[in-house]
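Peer 1: Take these sequences, add in the hints, and give me the full structure.
Here is what each chain is made of, one letter per residue.
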Amino acid sequence: MWMYTLKRLLQGVITVWFIATATFFGMHSVPGDPLSGERATNATIRANLEARYGLDRPVSEQYFIFMGNMLRGDFGISYTQQNREVNDIIREHFPVSATLGLLAVLFAAAGGILFGALTALYRNRLPDYIIMFLVILGISVPSFVFAALGQLSLVNVNNVLGFSILPVAGWGTVGHMLLPALVLGLGTMAYMTRLMRSSMLEVMSADYIRTAKAKGLSPTRIFARHQLRNAVMPVITVLGPAIAAITTGGFVVELVFAIPGLGRYFVQAVQQLDYTVIMGTTVFYGAFLVFMVIMVDLVYSWIDPRVRLQ
Amino acid sequence: MDQHLKHPTAAVVPTLRPTDFEALGTQSAAPMLVRPSRSYWQDAWQRLKANKRALVSLYLVVGLILFTFAGPLVWRVDPALQDIDQISLAPGADRRALVVEPFAAWNGVTEWAESQGQRGLRVADSPNTQSVRLKWDPVAGAGGYMVYRNIYEPEGRDSLGLPLMQIEGAQNYYEDRLDLQPETYYYSLVPLDGAGQQGNDYQTVTAEVRRVITVDEVIARNLVDDPSALMPGDEVMLAWHPLGTDYLGRDMLARLMAGAQVSLFIGLLAPLLFVSFGVVYGATAGFIGGRLDQLFMRFADFVVALPFLLFMILFQVVFGIGPGESGIIPMMVALVILSWPATARLVRGQILQIREEAYVSAARLLGASNKYLITRHMIPNTLGVILVTLTFAVPTAIFTEAFLSFIGMGVAPPTASWGSMCNEGLKTMLTHPHELIFPAAMISITVLAFNLLGDGLRDALDARMRSSE
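Sequence order for the protein chains is A and B. Numbering-wise, the numbering used here puts 270 at position 270 of the first sequence, and it's gapless, one number per residue. Numbering-wise, the numbering used here puts 287 at position 287 of the second sequence, and it's gapless, one number per residue.
Simulated from the structure, these hints should not be mistaken for lab results. Only a predicted model underlies this, so the values are computations on that prediction, with no experimental measurement involved. Keep in mind that a hint or two might mislead.
[Claimed, not checked] Residues on chain A that point at chain B, a partial pick, calculated with CB under 7 Å:
#1 Pro142
#2 Phe144
#3 Val145
[Unchecked claim] Over the 12 Å line for every Cβ pair with chain A, so calculated as not near, a few chain B residues:
#4 Pro36
#5 Leu48
#6 Gln82
#7 Gly141
#8 Val147
#9 Asp193
#10 Leu248
#11 Gln261
#12 Phe277
#13 Arg298
#14 Ser361
#15 Leu452
Glycine residues also receive a C-beta, built at the ideal position from the N, C-alpha and C atoms.
Peer 2: This is how it looks when you write it as structure tokens:
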């Protein structure tokens, strides 16, 4: 177990290093640099700035300087937002993205398990058909469409009621979070419902369920203790990739709802070639995703003792 | 014959005669195949046909392909052509226009019959898309006026809308010529005090703007057969846009078709490329095995671990979009580079499994060459899985393209793609929702069709992956 964890962590570190290196050289191969903006700088100022940021040195040397700083946990200062440290940007805006993502995953998992179990219990009856139709819709409609339509209908609902039940955009209160999180989680919820349904159907025809019925357990108890617990395993497996997809896929929802998350800074940084912010956010997101997947694998073996880690 | 089959311990062993070894001849009573045997693919096709949802999705896919490739031949409208008379036109909207004289400046004195005798702020001429003329009675003590325009009815001093003009002095008329559309506008007038500050009082007037067109424009745009009979006051029909126009007056239907070409080009070609690459990569690793397999799969693991969207965006930037380029090729390359490992893993797993099957061992024992094994056993047995993967890869690619274009990192304007159209539509969502809803619906329908088709194909082709429905 400990050996396995150690091995996975080591692999994770190598992956993050790989991501950092690939991003670094990819980024530097883009023509231009953060100083070549629309405002023309005169040659002396430019030379001074280059010297200050170390851009006058060869890329390979910059790479080693960057790696050294990164190991010390220092991603440097943003080129485009003066006097703002990349660490500060991450510290300030990642919690927003993380809160939104976590809430979305929560919505997705809760909804997926609930609806999946329902469809299996009502197999080939009306609730099953209705939910499965919605699931197909959820898989087929992109999140930005949900976001836009959700916002549009919220505006209309607020207009009709004459007061606002939920704020349409922005960030700050729980009310601000609900709609974006729901919208962000819908696709994953649909996917999880599907997964839960097939896993539940498999469990329902298992021998131990028949045994449980035979020894006279109540249907509720069978459902709660035997079916749900066993059927939920595959859903937990996809939780890792789901968190990954949701936190990175949050860009668009953040964009539509004007939420000050980290995604916006990343997209902005890429557009402006803000080297330090690109590196900081990419490495941070990369590490976050890699370790999320490892965590889920470990949790999985803890929940299901049959899964052996090697 | 029966006696020969008796238990060996039977006491009497009859002697064998040569006639015992003669052929029996054709047995007419042997079981016969009643139905012709069907191949795997025929069988799969039968099963697919029996699946109603899959069949519907197949029709949808055919319909989409027709829409994309035959559509522009039928609907010959340039998707980049701007119809400036009909901007952000909703589908089915009134496209009649009144023919009028060319615009002439207004002196603020003349007034049409309808408003004469009205007091306060009033519309002084028939409001049309050329101009809306406002006139008002001077407010006592006012040092000037501020004119506002809103498309919604103002609910108070704070919701007067767009400030159009600040008028100094005693002038008591204003002519609005700013981007007028045939809809209802609410004009508000706020008097300024001597110091130029706005007070809390305001007056509002409603103007229902009519679409007009000049004779010259009618002739230039070829809207009537006989221009010589055209008189101001006539009504003409403007160009027809079945799905309306976007915020630059471009025909939505033509743009949807052009966007379909981009979206389907990426959505079909990119999966084809990365699935093919994944198949070759995975099959090589699985078939050769050993250290090469290890090495190949480690590399695939690394690529999988890359945060997909971040790298998608980075690749887009690295490959760069030059001026005049559409950005389709960089997106394809990025998609292929990042998406192949899933297929490679799947195919490798399949190959490893098939390699150990008894029939492969049997074929090997009978002296089958590698080439024979690959072409006769490996490829036919993995083809079903590959086809299913390919079908599911299409919606993913379309999603990715739409997503990137939506955040403005995809195809470069003026190239239309469904994603970029959604992005543009989002800005006018509240006033002209059709600009968002049509491209969004196209994406959803396409993804839905390929998802359902993938489900159907999986059920038809691969018994092991069959969903439990």
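Peer 1: Among the hints numbered above, which are violated by the structure, and what are their numbers in rising order?
Peer 2: 13, 15
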